[in-house]
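Undergrad: Keeping the supplied structure of chain A fixed, place chain B upon it in accordance with the hints.
One line per chain: the protein sequences are A and B, in this order. Counted from 1, the first sequence has number 26 at position 26 by this note's numbering; the numbering is strictly sequential. Counted from 1, the second sequence has number 24 at position 24 by this note's numbering; the numbering is strictly sequential.
Every clue listed holds true.
The calculated lysine-lysine pairs, modelled on BS3-like cross-linking and capped at a C-alpha distance of 25 Å, are:
no. : chain 1 : residue 1 : chain 2 : residue 2
1   : B       : Lys325    : B       : Lys298
2   : B       : Lys125    : B       : Lys154
3   : B       : Lys210    : B       : Lys73
4   : A       : Lys2      : B       : Lys154
5   : B       : Lys73     : B       : Lys243
6   : A       : Lys220    : B       : Lys125
7   : B       : Lys154    : A       : Lys220
8   : B       : Lys210    : B       : Lys125
9   : B       : Lys243    : B       : Lys325
Coverage of chain B stretches by chain A, computed from C-beta distances (three or more under 8 Å per stretch; other residues unrestricted):
no. : region
10  : 55 to 66
11  : 113 to 127
12  : 169 to 175
To be clear, the hints were calculated from the coordinates, so they are not data collected in a lab. All C-beta atoms, glycine included, are put in the ideal place defined by N, C-alpha and C.
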Amino acid sequence: MKAVFAKGLLNALVSILGASVIIFVISRLSGDPVALMLPMDAPQSAINALRQELGLDRPIWEQFLLFLWKAVHGDFGQSYRWQMPALALVLERLPATMFLATAAFAFSLALALPLGVLSAVYRGSWVDQIGRVIAMLGQAVPSFWVGLILILVFAVTLQWLPAFGADGVRHVILPAIALGWYPVAAQTRIIRSGMLEVLDSDYIRMGRSVGTPERLLIWKYAFRNALLPLVTIMGVYFASMLSGAFVVETVFAWPGLGRTVVEAVFARDYPVVQAGVLITSILFVLSNLLVDLSYSIIDPRIRP
Amino acid sequence: MTAAPLLQVENLQMHLHLRRGVVKAVDGVSFHVHEGETLGIVGESGSGKTMTCLSILRLLPIHGDGRLEGSVKLDGDDLLQLTEEEMASRVRGPKVAMISQDPMTSLNPVFTVGDQVSGPFRYHKLVRTVREAMSAATAGLRRVRIPSPERRLKNYPHQFSGGMRQRVVTAMAIACSPRLLIADEPTTALDVTIQVQIMSLLRSIQRDSKLGIILITHDLSIVAGLCHRIAVMYAGRIIETGKVRDIYRNPQHPYTQALLEAIPHLGQKRKRLAAIPGQPPNLMDLPTGCRFAPRCPKRMAVCDDYPPATELGDGHVVNCWLAAKQ
Chain A
1 MKAVFAKGLL NALVSILGAS VIIFVISRLS GDPVALMLPM DAPQSAINAL RQELGLDRPI
61 WEQFLLFLWK AVHGDFGQSY RWQMPALALV LERLPATMFL ATAAFAFSLA LALPLGVLSA
121 VYRGSWVDQI GRVIAMLGQA VPSFWVGLIL ILVFAVTLQW LPAFGADGVR HVILPAIALG
181 WYPVAAQTRI IRSGMLEVLD SDYIRMGRSV GTPERLLIWK YAFRNALLPL VTIMGVYFAS
241 MLSGAFVVET VFAWPGLGRT VVEAVFARDY PVVQAGVLIT SILFVLSNLL VDLSYSIIDP
301 RIRP
Chain B
1 MTAAPLLQVE NLQMHLHLRR GVVKAVDGVS FHVHEGETLG IVGESGSGKT MTCLSILRLL
61 PIHGDGRLEG SVKLDGDDLL QLTEEEMASR VRGPKVAMIS QDPMTSLNPV FTVGDQVSGP
121 FRYHKLVRTV REAMSAATAG LRRVRIPSPE RRLKNYPHQF SGGMRQRVVT AMAIACSPRL
181 LIADEPTTAL DVTIQVQIMS LLRSIQRDSK LGIILITHDL SIVAGLCHRI AVMYAGRIIE
241 TGKVRDIYRN PQHPYTQALL EAIPHLGQKR KRLAAIPGQP PNLMDLPTGC RFAPRCPKRM
301 AVCDDYPPAT ELGDGHVVNC WLAAKQ
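Same shape as in the complex, but just chain B:
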């Protein structure tokens, strides 16, 4: 993978200006994704994973005034420089699409699945007639392995199970063959057996189309099975990133170590579940130094300054004074 990356995010910031203050939801994040590669973004709730991805699509929350800074280069365009019109007409759909967390609420309850799945084909002028749109939608549902797709087009979302709805959402997202797919905890709301099906579906789509995938999750077992690289986020920043193997075998940041410790293993009897003491910091009032320092068991005096990025080789980078000092 020496070619230019498909997606290059540099110093991305999303500060949400509310009446009560400024929420630094995403605060200087940089990463890249290559064609056919899957990047896992992990972190606890509120660490900015979802906001990072919504910022790439420039879909900000409707409440408050969200301000974006930095650059998001996708396939030759800097998405932050495009107009809203250009984003809708040539980026969202054909270049990047997303699957969100909850399949139960991601589909419009009062329109048929056929209407919704055929939408992207119609908006991006890939079809000319209603009949073409419907046959494209049928093909879309078949691609995500929904049985008897012609008949299902006339159904409404509530007539589908959770797993089937997530397939419908996936069909919508990949309708225009995007280069990048953002999957925001696509399996959190589903049963374990369905999770496996959705994950293998994503993998086969990726194999067919060299799709770049960003997989947001807090489930580290999913990351291990599907991702090539991981970025660990904490309080709006990436604190450690690298290949899956390096992160699992040789985690450098105390937060990453604690996350891995917290995974329960089969066969370990009568051991208390490891937890990370304390709470993540308030995103309106962040510490100036390392943001994990208040909860860190290996905290030092120098942690009052923000740690520099330390390159450990093969793309393994960590922001921690422990690594910087070695």
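Here chain A stands alone, though its shape is the one from the complex:
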């Protein structure tokens, strides 16, 4: 277990370093932030002074090493726009996004797991058909539209749930559905095909031949095997919830990281963009690491 963890951690560090290079370079391709921070008619001397103050006059590799050195110490610099430390800003907005992404992920699994299993067990029946329609709808319809319709129906017309803000569980329901519906189709398909394969296996037939009740056979003995392929890509799905949160956060005025980073991109607020994207990529890598670990818990064959 330790070896798996150490190897995963090493891989994670390499991935994060790579991500930081890409973030650093790409954010600088968007143009000069000084042009946005000063008035249009600012004199060249003022521009130069500000560039010097922000360290933008130094060679790019020097800027990168400095960024890296400071980042390791938790210093991503001051936000050009919000006038506060970039990391503090990002960490302040992060919990809301994590909460939303976790709720959306939980919603997608709560829908996909039973749908996938039932549509495999009753393949070709109406359960299978309805499951397919529900799953495909989430994939076919963009999440902002789902969000708007949910607001219209459940917040405006029925007035069951709030339309915006982030104040507890009631507020997260609609955005979580809007965000979590998209991956349901893919997850259902993975579970369904996994179950179909497992239900046809020798060991399920063996279990049946000694009188194992059908309920246990499906939900215990087959399900855990069918879960393996889904677990493998769960990290990617969770990460896509984090990054996909931007659109939904905008629709529901959810005060999360996604919205903050996009605003920072428009303002060429490098420190915030770098801190936000790097924190997201660290989360991405960590969730994959977590998946690797949980995989070895579910499947005894890959335990060291």
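TA: Relative to chain A, chain B alone:
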């Protein structure tokens, strides 16, 4: 063996309806097995041996629509008339169980051996607590001679060798002391030395519990050592059946003769291996007459009609016009 047989199969059919057509995998098979007796079912791949046995347990393939006809009387019940619920709760496990071909894939890879072996005891309410279930599982593993069973309960299937896994599967199958055990090529995937061990294990279990065994195989040398009677299957039907001695010494059906010819013998040097020319017929499109006729060296005009069963005495029955005419 004059008592009523343990298992009486009459005119069993299993037709698998697929989109492409109907596969007549089992097409009117009748046989019986007595208490403490071993019946060997032999035939080449695709002859319907495995499907016959799965049909007895009513475990049909999940793809396609399998339809069963005929009757399967086991210990007073007609299995084809029971509900699925009754099959699971009082037939599979306590009355009949099976060991399948490949021990490497017969055990669930993500559950411990203890969980799997104790399963049958739990499902059939032979134990009440987890502790009782585990001690029953330990006893089960000891019965199939797995060393240090208490410790092995916590292991996963991949930590066992092929032969040991087949023992675990056997322990699962005989957990509830079934009356009939179906062994579907239990040794095909194993080394020869392990084969002998598994076979002698089956024999000793049979001696202890008067178990009826159906042994499916294409290995005629195994049949000779373990079985009392043989049924030879070809294209979904039994074409010859009788005591092992009669079948070996006096095979009547040209197919049985060819099967026996095909066994290589030690000491016969530089002789080509005898083979049966041609292919078995397509089970979706069977000839109306004798199904072996297209490959038969002794084919006659009358073979276009299906040959009647001819009784040659002492349970030796053959479906061939050659025997019918004598």
